[in-house]
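Using the sequences and the hints given, assemble the complete structure.
Residue strings, one per chain:
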Amino acid sequence: MADQRREVFITGIGIVSALGEGLDAHWQKLSEAKPAADTATFAPCVVHPIVAIDFDKQIPKKGDQRQMEPWQRIGTYAAGLALENAGIKGNAELTGRMDMIIAAGGGERDATVDGAILTGMPGAADKDQFINERLMSDLRPTLFLAQLSNLLAGNISIVHGVTGSSRTFMGEEPSGVDAVRIALSRIQAGQSDITLVGGAHNGERKDLLMLYTSGGYTLKDKYGPVWDRAAQGGGFALGSLGAFLVLESREHAQARGAVPIARLSSVAADSTRRKPGAITDSLDKLWGKIAGTVDGKHAAFISGATGAEAATTEEKAFLAKHSALPVRATGSHIGHGMEPQFAMNIALAALALKHGKLFPPVADGSGIEQPMNGSLAQAVVTGVGHWRGEGLALVEAAN
Amino acid sequence: MTMRDKKGRPVVVVTGMGVVTSLGAGKADNWKNLSAGNSGIRAIKRFSTEGLKTKMAGAVDFVPFDPPSAAELSERLAELAAEEAVSEAGLGSKGSFPGPLFLAVAPIELEWPQRESLAVAAGSNGAITYDDLIRSASTGKFGNIHERYVFGSVGHHLADKFGTQGSPISLSTACASGASAIQLGLEAIRRGETDAALCIATDGSVNPESLVRFSLLSALSTQNDNPSEASKPFSKNRDGFVMAEGAGALVLESYDSAKARGAKILGVLEGCGELADSFHRTRSSPDGKPVIGCMRKAMTDAGITPEDVDYVNAHGTSTPENDKMEAMSTSAVFGERMKTLPISSNKSMIGHTLSAAGAVEAVITLMTLQHQRIPPTINYKVPDPTIMLDVVPNVARDAKMRRAISNSFGFGGQNVSLVLAREPAA
Numbered sequence: 262m263a264d265q266r267r268e269v270f271i272t273g274i275g276i277v278s279a280l281g282e283g284l285d286a287h288w289q290k291l292s293e294a295k296p297a298a299d300t301a302t303f304a305p306c307v308v309h310p311i312v313a314i315d316f317d318k319q320i321p322k323k324g325d326q327r328q329m330e331p332w333q334r335i336g337t338y339a340a341g342l343a344l345e346n347a348g349i350k351g352n353a354e355l356t357g358r359m360d361m362i363i364a365a366g367g368g369e370r371d372a373t374v375d376g377a378i379l380t381g382m383p384g385a386a387d388k389d390q391f392i393n394e395r396l397m398s399d400l401r402p403t404l405f406l407a408q409l410s411n412l413l414a415g416n417i418s419i420v421h422g423v424t425g426s427s428r429t430f431m432g433e434e435p436s437g438v439d440a441v442r443i444a445l446s447r448i449q450a451g452q453s454d455i456t457l458v459g460g461a462h463n464g465e466r467k468d469l470l471m472l473y474t475s476g477g478y479t480l481k482d483k484y485g486p487v488w489d490r491a492a493q494g495g496g497f498a499l500g501s502l503g504a505f506l507v508l509e510s511r512e513h514a515q516a517r518g519a520v521p522i523a524r525l526s527s528v529a530a531d532s533t534r535r536k537p538g539a540i541t542d543s544l545d546k547l548w549g550k551i552a553g554t555v556d557g558k559h560a561a562f563i564s565g566a567t568g569a570e571a572a573t574t575e576e577k578a579f580l581a582k583h584s585a586l587p588v589r590a591t592g593s594h595i596g597h598g599m600e601p602q603f604a605m606n607i608a609l610a611a612l613a614l615k616h617g618k619l620f621p622p623v624a625d626g627s628g629i630e631q632p633m634n635g636s637l638a639q640a641v642v643t644g645v646g647h648w649r650g651e652g653l654a655l656v657e658a659a660n
Numbered sequence: 523m524t525m526r527d528k529k530g531r532p533v534v535v536v537t538g539m540g541v542v543t544s545l546g547a548g549k550a551d552n553w554k555n556l557s558a559g560n561s562g563i564r565a566i567k568r569f570s571t572e573g574l575k576t577k578m579a580g581a582v583d584f585v586p587f588d589p590p591s592a593a594e595l596s597e598r599l600a601e602l603a604a605e606e607a608v609s610e611a612g613l614g615s616k617g618s619f620p621g622p623l624f625l626a627v628a629p630i631e632l633e634w635p636q637r638e639s640l641a642v643a644a645g646s647n648g649a650i651t652y653d654d655l656i657r658s659a660s661t662g663k664f665g666n667i668h669e670r671y672v673f674g675s676v677g678h679h680l681a682d683k684f685g686t687q688g689s690p691i692s693l694s695t696a697c698a699s700g701a702s703a704i705q706l707g708l709e710a711i712r713r714g715e716t717d718a719a720l721c722i723a724t725d726g727s728v729n730p731e732s733l734v735r736f737s738l739l740s741a742l743s744t745q746n747d748n749p750s751e752a753s754k755p756f757s758k759n760r761d762g763f764v765m766a767e768g769a770g771a772l773v774l775e776s777y778d779s780a781k782a783r784g785a786k787i788l789g790v791l792e793g794c795g796e797l798a799d800s801f802h803r804t805r806s807s808p809d810g811k812p813v814i815g816c817m818r819k820a821m822t823d824a825g826i827t828p829e830d831v832d833y834v835n836a837h838g839t840s841t842p843e844n845d846k847m848e849a850m851s852t853s854a855v856f857g858e859r860m861k862t863l864p865i866s867s868n869k870s871m872i873g874h875t876l877s878a879a880g881a882v883e884a885v886i887t888l889m890t891l892q893h894q895r896i897p898p899t900i901n902y903k904v905p906d907p908t909i910m911l912d913v914v915p916n917v918a919r920d921a922k923m924r925r926a927i928s929n930s931f932g933f934g935g936q937n938v939s940l941v942l943a944r945e946p947a948a
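Listed in order, the protein sequences are those of chains A and B.
Quick note, the first sequence lines up with residues 262 to 660 if you use our numbering.
Quick note, the second sequence lines up with residues 523 to 948 if you use our numbering.
Heads up, a few of these hints could be off.
Straight line, CA to CA, 25 Å or less: simulated DSS-like cross-link-like pairs of lysine-lysine [stated by the list, open to error]:
#	chain 1	residue 1	chain 2	residue 2
1	B	K575	A	K388
2	B	K663	A	K467
3	A	K546	B	K575
4	A	K290	A	K323
Derived DEER-like restraints, expressed as beta-carbon distance ranges [said to hold, decoys possible]:
#	chain 1	residue 1	chain 2	residue 2	range
5	B	G825	A	A297	55 to 61 Å
6	B	G662	A	K536	17 to 23 Å
7	B	P842	A	M397	20 to 26 Å
On the chain B side, residues computed to face chain A include the following (Cβ under 8 Å) [stated by the list, open to error]:
#	residue
8	I650
9	P690
10	E715
11	T804
12	I814
No wet-lab data here; the hints were simulated from the structure.
Backbone N, C-alpha and C fix where the C-beta goes; we use that ideal spot for every residue, glycine too.
This is the structure:
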């Protein structure tokens, strides 16, 4: 079966995050290795805000921008960058048959309306009627469309004309792993020739910070690199980011003269019921699915470690079993973008492979990240969900 | 010998089905009510509708759930439907299903009772803001909120309960979600990754804010006086859809696997078609091109022609725009034949089960083929002269049918069509 599978290239990348916009800006910032975060704006929660974006460049109609909340704008923008990078933006014939799989959350709230209702509830004669009436009069009709998970995909169809197919996966980190996994499997099996896959996240949202804080998962008060948070009890700093990949069969890419950035060789995922040791076991099993093809001398881990205590500690135990491979956790730089984080890390792995070398380590007390001197030909991307889901991807140099 | 379709792919069949709607739990009750032309639409009793424009729904009120939230009810409904499907299929063992889970579910969100509890715990005397809610959340007393309201919550709980394999996929393609879940299962079996898949679609989101959202988009019927007559697809006086709850579940299996273990084959999933629409966020392209293309892609995928289709299970929401567009598009696809090709809308009786609709209606379509009887489009009293269709008005009809198409269309330009057929030997 394996030998019948088609080879799949990454032929376009669109990324935007706290580090900037596009591949070069990310490479430059990663090379500086001076991560930072915002500890003030959403205090006590720490976040990685997105850079300023001129949305007009990818979403020319103001009317379209107005119909979106920030997470959709970030995503539609990043999708445009990916199509542009792949050289297919505006190619209606191609985008008209291009498949799309998106990993999304959603539900961006109107904090002002929510606050006003909660403030008024205790004094209302009939609480239910009060909520009904306020919602009917105060909610913007189009807010719903900015909340629906599948409307990032809908906006990409409208703005960029990607209409071959459109599927939206939900469910935090594993939805991002599965989006890339299914996109890859479909192309390998001949069910698709070219697929746009990725997602977007707005971490600068108090409703999300509230949700993750209720589970004790958010990083508070002080920023530190993801490996160095145990002393504060761990936690992730949400990051705002958008990440899209254009995945394409070798045949399709060659026929249109596309230059591959990297090869996406495999994605493996599982979802273990969490108990002590379960994450490490799960990663060990996934490693078994790709290990035979990893060459220790020219390979590295691009880790999606979030900083969430249990998941990060168990991932460390897994990584320690493969200490010949240098490790980089991108979350220290860009924060935790939840659904699109895996696609983002595949993008950053492809970026390093394109440069033929790994970016430098972040200096912290943990010593987990060590310099890499040789050239880079393979990157293993990890994606361990803070609550559920484990994933690994193998990304390789295209040549 | 391996059973392959015309394109050399494994043939995919259905070996278990389950369904819950406002008409009841289980296939038997639903079929009885659907073939009798009964409506499950009622005045809403679950919460106060004071101040709302629409006061009725196809809510499932016979399934207890706590805490009060769409996530919780969606999970309960999905469990019921999946238990019926898995038990009928007789595949795997209790708590161990030998394939992946594909779940269509409405986006999970925290609702007003939870927000209120956080606000109260904050003990603020002044204006409440999210900073107060975060302060409450920080106390560690609301840990259950995280697990219930993450987007993966329902899917992971179902995966645990039914013991499905690998990473469970939760998906949304709005009102086409149920069909998309089935499509993902079909593709996984065709790829040879698995011999079986559990496809579930569920929706339990009849709550004030969801009603308000659809009301603000003018999508809902406001004919509250006689709820059972509010959903009237293809009628001239249709004025919007009726929100509803329900769940559908299907066990998909390769024909070979089903035959090898002597399983009863309930139907064949011959093909799926999908095409997105770039026209508008909530409206379909007025030329019908994406929907026409979607149905044609489904038939191409199944290796059939329009002449091979005996019945269309319509999306048929009862909104002015959908029904007009669907009538035009089916006429374009089936030509002159469309005047006599039966097309009916289950939504006339069960309302629009939203994320669940694609799977609920796939189950009903397969029951339609099994029983050789077409559930009617009820409330068809004032024909729309611009819609010249045989909508199987008001009364169920016996018919010889070999194959059907089931349509699902959603906000965000989502279109999916399924081609379903009777078991080859039937």
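Here is what the structure says about each hint:
1. At roughly 17 Å between alpha-carbon atoms, K575 of chain B and K388 of chain A fall within 25 Å of each other, so this suggested pair holds.
2. The hinted pair formed by K663 of chain B and K467 of chain A meets the criterion: a straight-line CA distance of about 18 Å does not exceed 25 Å.
3. Proximity of K546 of chain A to K575 of chain B is assessed by CA-CA distance (about 54 Å); at most 25 Å being required, the pair is judged violated.
4. For the given pair, K290 of chain A sits about 31 Å from K323 of chain A by alpha-carbon distance, which is inconsistent with the 25 Å threshold.
5. For the pair G825 of chain B and A297 of chain A, the beta carbons lie near 57 Å from each other, so the given range of 55 to 61 Å is met.
6. Roughly 20 Å separates the CB atoms of G662 of chain B and K536 of chain A, a value that falls within the hinted 17 to 23 Å.
7. With their beta carbons about 22 Å apart, P842 of chain B and M397 of chain A fall inside the hinted range of 20 to 26 Å.
8. The restraint placing I650 of chain B at the interface with chain A holds, with a minimum CB-CB distance near 4 Å, inside the 8 Å limit.
9. Taking 8 Å as the C-beta contact cut-off toward chain A, the hint placing P690 of chain B at the interface holds, the least distance being around 6 Å.
10. Taken as an interface hint, E715 of chain B checks out: its beta carbon lies about 7 Å from the nearest beta carbon of chain A, inside 8 Å.
11. Hint on T804 of chain B holds. Least Cβ distance to chain A is approximately 7 Å, under the 8 Å limit.
12. With 8 Å as the threshold, the beta carbon of I814 of chain B stays out of range of chain A, its nearest partner Cβ sitting at about 13 Å, so the hint is violated.
Going down the numbered hints, you'll see the structure goes against 3, 4 and 12, while the others check out.
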